[in-house]
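Use the sequences and the hints to build the structure in full.
Going down the list, the sequences are from chains E and G.
If you read the first sequence in UniProt numbering, its first letter stands for residue 1, the second for the next number, and so on.
If you read the second sequence in UniProt numbering, its first letter stands for residue 1, the second for the next number, and so on.
Calculated from the structure, these hints are not laboratory results.
There's no promise every hint is true.
What the hints assert, rightly or not - Part of the chain G face toward chain E, derived, beta carbon under 8 Å:
id	residue
1	Ser34
2	Thr35
3	Phe44
4	Ala154
Yeah, the Cβ is synthetic: ideal placement off N, Cα and C, and Gly gets one too.
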Amino acid sequence: MTKTSTLPRGERSSATPGRRRAHPARKASGLPVWSIPYVLLIPGLVVIAALLLYPLVQMVTISFQKVGLLQISGRRPAEWLGWENYASIFDNDIFWSSLRNTVVFAVVAVPLTLILGTAVGVLLHRLGSKMSLFVIIGIMFAWAVPPVAQGVIWRWLFDAEAGIINWALNLLPDSLSSALFGRADWTGEPWLNDTWSIYMVLTICVVWAGFPFIAVSVLAGLKGIPAELYEAARVDGSTPWRTFRKITFPLLKPVFAVLTVLSIIWDFKVFSQLYVLAGTTNRDAYNLSMYAVTEAFKAPQKMGSGAAIAVVLTVILLIVTAAYIRQMFKQEEL
Amino acid sequence: MSPLARRRLTKAALNTTGVLVFLVATFPVYWMVSTAFKTNDQIFTTDFIPFPTQFTFEHLSRVLTEGVAGHSIWLYLRNSAIVALGTVLIGAVFALLSATAVARFRFKGRVPFLALLLVVQMIPAEALVIPLFLSVRRLGLYDQLLGLIVTQVALTLPFGIWMLRTFVAAVPKSLEEAAWIDGASRFTTFWKVLFPLVAPGLVATSIFSFITAWNELIMSLYLISDPTKYTMPVALQYFFGQKGTDWGAIMASSTMMTLPVVIFFLFVQRRMVSGLVAGAVKG
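Structure representation (structure tokens):
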């Protein structure tokens, strides 16, 4: 079979006289045609089922069980607890502060990332091609930094003793600094001790690393809008803000919808940066991701309540995802 | 003001903003690299030292020899590379098969499968790590790089299929039909016609999976406890457990970790956007 295909045109064996058109329904690989896509899907489906869906079911099961050190090592079977894990996490202040941190962080970081990213995207569109490439390469550096390294970098910039942020704040004229922040001396300011300032640093870090993706996506969208529309707007004397509101925004609405949902999902489960910035000792600074894994893995291991927190986080994310999927299916012929 | 002067002014303002954006984006990265090459005297100071005037490889050579947690960071970089490459090799084959199925065939269950891909992409790794930890232990894969590879394949596959699908769909079907008419078998058609044309997309998808696996922290943190199996993200956060933070060493290590990603990024940046917001963006 393979051999015939390597024969050049016109040299085909006489077994198929008159160059009859190959019928698509012939059994080429020994499989009925209808089954081919399913066969191709098997490896992918097996991976998804075994490593994503099955664990998901397991996670829900574990959330109703007591799984501690004895159960992990197999010395005792998992004990069924019913809703007890949920009752105890809902009763725990750390759960509510984690939920608050998760939500407040997303509510602040998502719009900031989107606004900054869109502004830079519009800027890139208006810049000359050389300048635009220069800025794109620049923002790509921020985008490419691995999340753990992002945390490391910002932890260093905000370092109490030798951090450059404290140095820069000390540069402000004392009167201005006092008027703005009620203090003039920033030497030794520990930014990563209390929850509020940890999340401020985290927000800066995530916005810094997140805006380039938004900017490049918005730029790609803008390039698809016919220039005549802007021409017409200019002729009609429209202001830039009005042009953005009446032309750019409506046309890019689907892009913004997808970007918003993706940003919400990413910011909701932010982990690596927070792990580096805050560590696991400061329980007040946990978000849901951190709370779930520390509860599950930090001694004494409580996999059951860890799983219960993970279930709460997953449910929230799946609700958001539903919006994403609706948008994707609306926009695209699949 | 004359229109010409006004246009010049606008252009100058735009370019200035552009330069400002460039500086904001690159400065933290620059600061990481420059700290890595400064002497400790220049690092631990309350003064601002823009360039490492006493340029040194001291930190870099220290992390490459002594390293952290008792091993050179070469070991961790190697472990990360093994995990990421393993993920890419397995993931690429699986993704290509599935992507061909959904892009080339219309079959029952196709749309539900696509929806499933989107849903499973969103399951947080933080949630999966708990059940996966138990399974990996039961299978004897705890503390094994293979265990990490398997979990990373799972985490990267859904997006890989989603992204690769658009590349397969972009290859005109008529090419395959031509080969088909000339008597090529299905396998030959796939291997000789479709595969070469999809290869660039496969490279882009693979790089994306590589970066994801290279950066991943949670699975490595909880599925590995043996320091000789640490991946780079785990090693990097390990520095903070030490007494007195050795910023020079940390910055040298994180520079080493960031470098390959930056290089790969230059290749795939545009394709990544098209994968994530495909359809919504006409780029």
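We went through each hint and held it up to the structure:
no.	hint	result
1	Ser34	violated (11 Å)
2	Thr35	holds (7 Å)
3	Phe44	holds (5 Å)
4	Ala154	holds (3 Å)
Violation of the numbered hints given earlier is confined to hint 1; every other hint is satisfied by the structure.
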